[in-house]
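Colleague: Single-letter residue listing:
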Amino acid sequence: MHDELRRRRSRLLSLPAIIVVAVVTQAPILATLGLSLVRWIVVRPDLGITFIGLDNYADIFTSRDFYEVVLNTVVITVASLAICTVLGILFGLMLNRDFPGVNIVRTLIISPFFVMDAVAGIVWRTIILNSSFGWNGYFATLFGVKPFDFFGVHSLLTIVILIVWQWTPFFVLIILAGFQNIEPEIMDSARVDGTGWLRELLFIRLPVIMNHIEVAVLLGLIFVLKVFGLIFVTTRGGPGYSSSNLPYYVYRTAFLGWDVGHAAAVAVVTVVVTLLAIMALFRWFRRRVTEAA
Amino acid sequence: MSRGSRALRRAPGIALIWLAAILWCFPLLYMLITSFKGEADVLPPSLWIAHPTLENYATVLQHEIVRYILDSAVISVTAVAACLVFGVPVAYALVFGGLRNSDNLYFWFLSTTLLPPVAVIVPVFLLFRVTGLLDTLGGMILIYTGVNVPIVIWMTRSFLLDVPREILESSDMDGSSRLRSFFSIILPLARQGIVSTGLLVFIFVWNEFFFSINLTYVNAAPVPVYMASFMTQQGLFWAKLCAISTLVVLPPMILGWLAQRSLVKGLTMGAVKG
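So the protein sequences, as listed, match chains A and B. Everything in the first sequence is counted per the working numbering, starting at 1 for the first residue and increasing by one. Everything in the second sequence is counted per the working numbering, starting at 1001 for the first residue and increasing by one.
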């Protein structure tokens, strides 16, 4: 009886949050699903809203732009997560020692994570990478070469650089926590065995903190698949579609073309791709754990 | 080996680490440097501030940016408060509430954080336009609450799991009500975790770009919207750009610095141990 009362009260406590989250995230998803089946171009009210079944999806899967954007998304995600992991381990190793100013060094490395996309993008785009007035132009003149074309041919690389700059700190925080959790006895026994530094890192330390690395990669994946602001303020997804990812593609279709049905369909595809990627990575990590066990 | 010679042997490595950290943070450090330069000294790039000045800060603070900062502050603080009010009770119910399906409920909340915002933007935009929530502070607060409540639940739950159950049970025996023991026992024990959760949500909301650029124009526009329009409207005033940037990144940086340890703990704990 007492338990039943407690359960009812717990349900009551959860209800407001369930409603808010459902209204803001779940209901709109269903609406997106519905909208993806209609033709509705807001700036052409004369056309009205008509049900067209899966035509929007057919349009997407036959458009070359879409495949370019999917490929960009894959490249951005895989490249940034790989580089973030490697740099995260390197910085984590560096910070996992005691030396003068270690706290300042950690603050310097972690700071970019807390900088808003809008500022990160603008600062990089102007004072750092601008081909005439930024450091990019400065070094080009110094060495007598042409400035690196960060916003033309290499725009996709620029997006990866910015994501890596912003998200490596996140990897560092988690991986460093992993290193600091390693019990001293494990390291001591390795030292007694006379294991070399690299072998010790590869065969003792990294396997022990594998859980932390996986968490960082998984959370990193969730966030990197949502990247939008960095692209908006630096390359605007261009030139052409060369630096657009799926979220930016949805934005372009919805708010530049005002094609609601088409945008909703791309959004649905984006959700499916996102969930598949997360599930695949999660499964892969799980399998690795069961094989090891 | 003497201590002195060992320190000397380590010196190059430490210098290298310092160099790496300074290079990593260089865009921010150089942004700070540029913010103290006169507009005429910005080009060509140089690390030296020839004529240090606070003029940029004085100018931008008389500017419309102040209104955007106020919008950001109102939206962020209110959203954080709402997220905690909605989220903490759920975390409590999940951990101590004896719910039979608590895992399902927890995973349902978690799963909503996986979704990219583009999945909801079109209907939300249409809904906001019809209901008049477009470009209002209330609309932005509603969105950010819905998006961040799951994060509060996720982190707070892992901090509450740390609270020993025996304490709660013994206070049950004393006959004090659950409501009272929540405020007198659980809240104080989990306070630090809940505070850092609030700080994290503040940072997320303050920095958020996608919803703010799509759902606001002038009346409720927060800082990121102003930053995005700065380039087109203000042209090449880089020193002022850097002064504004420095001002708006300071709050999340300070809060993030304060919260970093609990942040890692809250985000990873369930996952690492589970």
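Think of the hints as simulated: they come from the structure by calculation, not from any bench. Check the hints yourself; a few may be wrong.
Sample of chain A residues at the chain B side, in silico, Cβ under 8 Å [unchecked claim]: (1) Leu37; (2) Val38; (3) Ile41; (4) Asp117; (5) Gly134; (6) Val250; (7) Leu276.
Label-pair restraints from in silico Cβ distances [what the hints assert, rightly or not]: (8) Gly34(A) with Val1066(B): 39 to 45 Å; (9) Glu1169(B) with Pro207(A): 37 to 43 Å; (10) Arg64(A) with Thr1059(B): 36 to 42 Å; (11) Ala27(A) with Glu1169(B): 19 to 25 Å; (12) Trp1048(B) with Met187(A): 24 to 30 Å; (13) Asn1104(B) with Leu206(A): 33 to 39 Å; (14) Glu1055(B) with Ile19(A): 36 to 42 Å; (15) Trp1048(B) with Val78(A): 48 to 54 Å; (16) Leu1110(B) with Ile41(A): 33 to 39 Å; (17) Met187(A) with Glu1169(B): 35 to 41 Å; (18) Ile41(A) with Leu1250(B): 25 to 31 Å; (19) Gly257(A) with Gln1062(B): 23 to 29 Å; (20) Thr1059(B) with Val78(A): 25 to 31 Å; (21) Leu1061(B) with Val78(A): 28 to 34 Å.
C-beta atoms are modelled at their ideal positions from N, C-alpha and C, and glycine is treated no differently.
Colleague: So, for every hint listed, does it hold in this structure?
Modeller: Going down the list of hints, with the structure as the test:
Violation of the interface hint for leucine 37(A) is found here, the shortest Cβ-Cβ separation to chain B being roughly 13 Å, above the 8 Å cut-off. Nearest Cβ of chain B to the Cβ of valine 38(A): about 11 Å, over the 8 Å cut. The hint is violated. Residue-level restraint check for isoleucine 41(A) is violated (minimum Cβ-Cβ distance to chain B is 13 Å; threshold 8 Å). This hint holds: aspartate 117(A) has a C-beta 5 Å from the nearest C-beta of chain B, less than the 8 Å allowed.
For glycine 134(A), the interface hint holds, the least distance from its beta-carbon to any beta-carbon of chain B being 7 Å, beneath 8 Å. At about 4 Å, the closest approach between the beta carbon of valine 250(A) and any beta carbon in chain B falls short of 8 Å, and the interface hint on this residue holds. The beta carbon of leucine 276(A) comes no nearer than 11 Å to any beta carbon in chain B, farther than 8 Å, and the hint placing it at the interface is violated. For glycine 34(A) paired with valine 1066(B), a C-beta distance near 42 Å keeps the hint of 39 to 45 Å intact.
Taking the beta carbon of each, glutamate 1169(B) and proline 207(A) are about 39 Å apart, inside 37 to 43 Å as hinted. At about 48 Å, the CB distance of arginine 64(A) to threonine 1059(B) disagrees with the hint of 36 to 42 Å. Roughly 39 Å separates the CB atoms of alanine 27(A) and glutamate 1169(B), a value that falls outside the hinted 19 to 25 Å. Range check, tryptophan 1048(B) to methionine 187(A): Cβ separation about 45 Å, and the 24 to 30 Å hint is violated.
Checked against the given bound of 33 to 39 Å, the beta carbons of asparagine 1104(B) and leucine 206(A), roughly 35 Å apart, stay inside it. With their beta carbons about 50 Å apart, glutamate 1055(B) and isoleucine 19(A) fall outside the hinted range of 36 to 42 Å. At about 41 Å, the CB distance of tryptophan 1048(B) to valine 78(A) disagrees with the hint of 48 to 54 Å. Distance hint check: the CB atoms of leucine 1110(B) and isoleucine 41(A) are about 36 Å apart, consistent with the given range 33 to 39 Å.
About 39 Å separates the C-beta atoms of methionine 187(A) and glutamate 1169(B), a value consistent with the hinted range of 35 to 41 Å. The hint said 25 to 31 Å for the Cβ distance between isoleucine 41(A) and leucine 1250(B), and at roughly 43 Å that hint is violated. A C-beta distance of roughly 39 Å is found between glycine 257(A) and glutamine 1062(B), which places it outside the suggested range of 23 to 29 Å. Roughly 44 Å separates the CB atoms of threonine 1059(B) and valine 78(A), a value that falls outside the hinted 25 to 31 Å.
Take leucine 1061(B) and valine 78(A): their Cβ atoms lie about 43 Å apart, and the range 28 to 34 Å is violated.
Of the numbered hints listed earlier, those contradicted by the structure are 1, 2, 3, 7, 10, 11, 12, 14, 15, 18, 19, 20, 21.
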